[in-house]
Amino acid sequence: MGNGRLGNIYRLGVKELRSLWADKALLVLIVWAFTGAIYSAAKGVSQELRNAPVAVVDEDRSPLSQRMTGALTPPYFKPPTRIEFREMDRYMDHGRVTFAIVIPANFQRDLAAGHRPAVQVNIDATQMAQSFIGAGYIQSIFAAEINEYLTGSRESADPPIRLATRVRYNPNLIGYWFGGVMEVINLVNMITIILVGAAFIREREHGTLEHLLVMPLTPVQIMVAKIWANGLAVLLCTAFALLAVVQGVLGVTITGSIPLFLCGSAVYLFSAGSIGIFLGTIARSMPQFGLLFILTIIPLQMLSGGVTPRESMPQIIQDIMLAAPTTYFVRMAQAILYRGAGFDVVWRDFVGIAVIGAVFFALALARFRRSVTLTQI
Amino acid sequence: MAEAAPLVARLTGVGLRYGEVAALEKVDLELPGGVMVGLIGPDGVGKSSLLALVSGARKAQTGRIEVFGGDLRDRNFRDKVQPRIAYMPQGLGRNLYQTLSVEENVDFFGRLFGQGRAERSARIDELLTATGLAPFRKRSAAKLSGGMKQKLGLCCALIHDPDLLILDEPTTGVDPLSRRQFWALIASLRARRPGMSVLVATAYMEEAERFDWLVAMDAGQIVGTGTAAALKAHTGRATLEQAFIRLLPEDRRREHHALVIPPRGDAGDGWAIEAEGLTERFGDFTAVDHVSFSIERGEIFGFLGPNGCGKTTTMKMLTGLLPPKEGRALLFGREVEAGNLETRKQVGYMSQAFSLYGELTVAQNLELHARLFHLAPQRVAPRCAELTEGFGLGPYADMPAAGLPLGIRQRLSLAVAVVHEPPLLILDEPTSGVDPIARDHFWALLAKLSREQGVTIFISTHFMNEAEHCDRVALMDAGRVLAGDTPAALRAARGAASLEEAFIACLEEAAQASPTQAAIAPSAPVAAAAPLDRTPKPGGFSLARMLSISHRESLELLRDPIRLAVALVGALVLMFVLGFGVSMDVENLRFAALDRDRSPESRAYIDNIAGSRYFVQRPAIRDVADLERRMSAGELAVAIEIPPNYGRDLRLGRHPEIGVWVDGAMPFRGETARGYLRGMHSEYIVALATEATGTTPELMPTEIALRYRYNQDFRSIYAMVPAVLPLLLIFIPAILMALGVVREKELGSITNFYVTPVTRLEFLLGKQVPYVVVSMISFFALVLQAVFVFDVPIKGSFAVLTLGTLLYVTTTTSFGLLMSTFTRTQIAALFGTAILTMLPTVQFSGLTTPVDSLQGPAYWIGQFFPASYYLVLCRGVFTKALTFSDLTVQFAALAAFIPVLTATSAALLSKQEK
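Protein chains in written order, with my numbering: chain W, 1 to 377; chain R, 378 to 1291.
Incorrect hints may have been included.
Derived Cβ-Cβ restraints for the label pairs, each shown as a range [said to hold, decoys possible]:
#	chain 1	residue 1	chain 2	residue 2	range
1	R	Pro1020	W	Glu84	47 to 53 Å
2	W	Ala71	R	Val950	44 to 50 Å
3	W	Gly207	R	Ala568	36 to 42 Å
4	W	Leu150	R	Val950	54 to 60 Å
5	W	Ala164	R	Gly988	18 to 24 Å
Computed footprint of chain W on chain R; a stretch qualifies when at least three of its residues, placed anywhere within it, have a C-beta under 8 Å from a C-beta of chain W [unchecked claim]:
#	segment
6	720-728
7	1046-1059
8	1212-1221
Worth flagging that the hints you see were computed from the coordinates, not collected in a lab.
Please read these numbers as outputs of a predicted model, since none were measured by experiment.
Glycine included, C-beta positions come from ideal geometry on N, C-alpha and C.
Work out the full structure, taking the sequences as your base and the hints as a guide.
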């Protein structure tokens, strides 16, 4: 490394890495985040139907009703709880079951007689994710059981138009393919903003920032050094998490190019780091930074398309979130990692992330000197 | 006389280690009572540790400490004796609450000791009058000068009439005038309460001369005790400073040489610094008021003045850190500009705060700075070696800077400041808190730089003997330069024997000229103190003490309106954004069709889908490659392929097959989209048949009636808005609380907890109360917003919801408190709280997936996470009109978290520093 600007940036960054290495508690938390947190989030949470709690009020007690009850099996449903009709409201009110199914008395007899008896499925609609999908599953499971009982075949009569649905990129719709990768993104986001922002405030509170400013260094060099050093640490963790945890332990098949994704992450880390420093220049103390961080991270996490699909959000929220780099990052990650998209497809997201990052970087730079004098202990 | 008095403390075989380093080794000591005992010795020899041990703030690792005849290891005894001891730790105002006013600070300590309102106000009046702080009772502690801070600290220590007053370097970093006033104050207090014992550590030997009895310490051991006269006689030395040096072991003594600064040669060749009318204002406060002076090249120029008079600000303007509001500064004839990197290379700066990287070693710090100052690569190693040698840093080269004694750190700071051989050094109180030997060593280095290398040195100091070493000095007060000349000329002008007297005379004259400046002469005798009820309070929990902690915490919270506003308004904004934004409704799915048939039938099928609210049609797909590309870019959630001859096959009853591709990248969306398509497909078939035959065919032999309960419209908002409450009421309270204890640890006021009768439970709960109140206010605001802005009614009882929320926010603040007691730095507390609340709340508490559907660790985390229970409670009351009896499990679970979390915090919080 020469003695020019790059030399300064390099050496300040190395200093940053040494500081990070010295804080063992922080290291332990980071390691847990990129291993345990990702694993438990990916493995444990599935937004698709899994282990849905269901209760059955079987007033028929016929072979058919028992077959229907027995057909609700894991992994989609928990073994159904048999309850009495009068208990149903209590079960549902307490949220102990998401579905309560009522099979009326004489159901089998009426069905055989062609009377079209009705099965009632009560659904707790506050469980938004499960209720709709689960209702569909219950409908088709029951239809198959009844068909088999009546005709001996699980398929109903051949419809005039057949429908062949194929799911691409994740044929079995396994939740942790999604959850694991999205958790990686959430962590990248959270850790980068905290590390860079809090490191900035800490240097301000300890007076070392002032010290740097009397040396032949520019604020740009100080900021870039903070971003690259912390970013590099996060990037290495990300690579490890993807290769070892997501691919290795969780066994997710990643179709796309991991190097391309890591390049995108590097651009994103610049963006998130700039946001971190920007927050650090606004906050006057660590407690204020903590609150600002929460106010920033929650929308970034919940509204960037990583938890619920973007297109379901109101237009205004979608538009606002276009100003957040996370939106592009999530879109880019999904495109590369799940759909195997190449640079030709995701280059716009790269540009989006970089431009927003540059804006925050410029804002932070503009506030840099002023913020040094605002430190409040 | 000292021997006759009863002992105030006895130490037997006391030892204390910090990791590898021994601070105290087998110390045996008996301290006489009723007198003023001084602890003298270089930095890092264990003076502060000894004081902390005697005060009970720190726990002895080995040995036995008796104070007032009882063993401090006995907790009951400690509780009983603590109200008789007052402790003021090292550092200017370190145990004060900076945002609180003078009066509020003293008042807090009065409350802690259970004094009633009338008694407190009488005592506060008395103390503030006695210390001359009365005119400043409304001023916040942060805005006091160093001397005033120390006096305030003294007031706080004296409010409960202690029998033993422990002061750790109370006058370090305090200007001579304030120092003189401080000791006069102590003298008058002792005159009033003759029984009071005072134990002081000091770095000023001339102060120590006046103490009744002295303890000289070195390297964790006692090297001598007795009166000042006895010590001098014993060593056969004329001054205490020399006597002390004589007491040191042989090898330590060798390090010390009498300091001689050679006179300066011929007057320099031009100016190094020229300041003309420099002015700086912060708001309406003028910190520096038209200051002008010039410093010759090669000169050592001293800057004297009380704390807060503008010395540091002036120095910052000269370095370019602060742009002056008026006037200008020239360095070597060139104007200082903030952005100019060239001028910076000419200056070496040492700021008042220790500003090296504590986690880097001495060698790493040196090398980093050598490279940052762009030394030629081949010069770096020799220069570092040279400095390590010249500054005596060899033995410490591989040690982290943070663990070094102050004197060594100051040497390193200076080495760093001169690494690039600048022609000008600006040093801001470089020797504050440094012991005499280290200070002489430091000045020897300065002398060498100045006289041998012609370096110009601009230095500020509170030590008058250091000012004597300077070629010229300037006296500053209240932002103005009062006088500037050689030390001899200044003495002569005032007709004073010493520079200190000349300085004080100058300041007093200035103070009389402007009456707003503190006329802080120690007061005339004050009315006798109100009698204090000494009956020890019964042990155990005291509500009054807890409330006094709450009161103080609330004041601090109110003093930071930004934080309060962000917490309350931020919650509302977040609810607004999340309530609208997070929607589990899957709508507006983008789809496009690859229509290979282009018949009326195929268009009818596509239009049917395009007409639903779930789907949004995009331009038609041209071919397979187009389909591939648009799906992989995420542009299409669903693609439909209609085969050739679809229309004809349909008419002929040949069961044509429509292909559908669903993007499974987001499984939940994919699943829902597939469900929609299947449903619409069936409906379409029924509609076709109805149209063709006039009757509606039954696809199924039975009817499966779906009844969506609690949220008939199946709108996300009714499910999401109640779910946002658990989210916001954990993040914000936990983060607010998370810095509560750890910040006191980092900033030092935690000592007050160690040395006052506050119990752990009182401390924790007292801190928690204000944040619970703030969180409840936030809750009411959020509910109002849910009901009136989002139109989401509360179907159940608001009282039940409020009670549940109270339990919940108590739990979440307890969680923050636990993180705060567990971690050592604010950054780790923040990070830990964020990591440990965010993931479980968003993923494992049932927000999107019911807890019962979770697997593995996620399930168990969900089971043991408060948000899981509150979410059921919140949704239950909002959407299902559940009553208290329906929610007993949730109430019980939430209530159970509180004692568990609080007990863990209490177990982790130590009542003494370890």
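Inset, instruction - Any hints from earlier that this structure breaks? Give me their numbers in increasing order, please. - result: Violated hints: none at all, because every hint is consistent with the structure.
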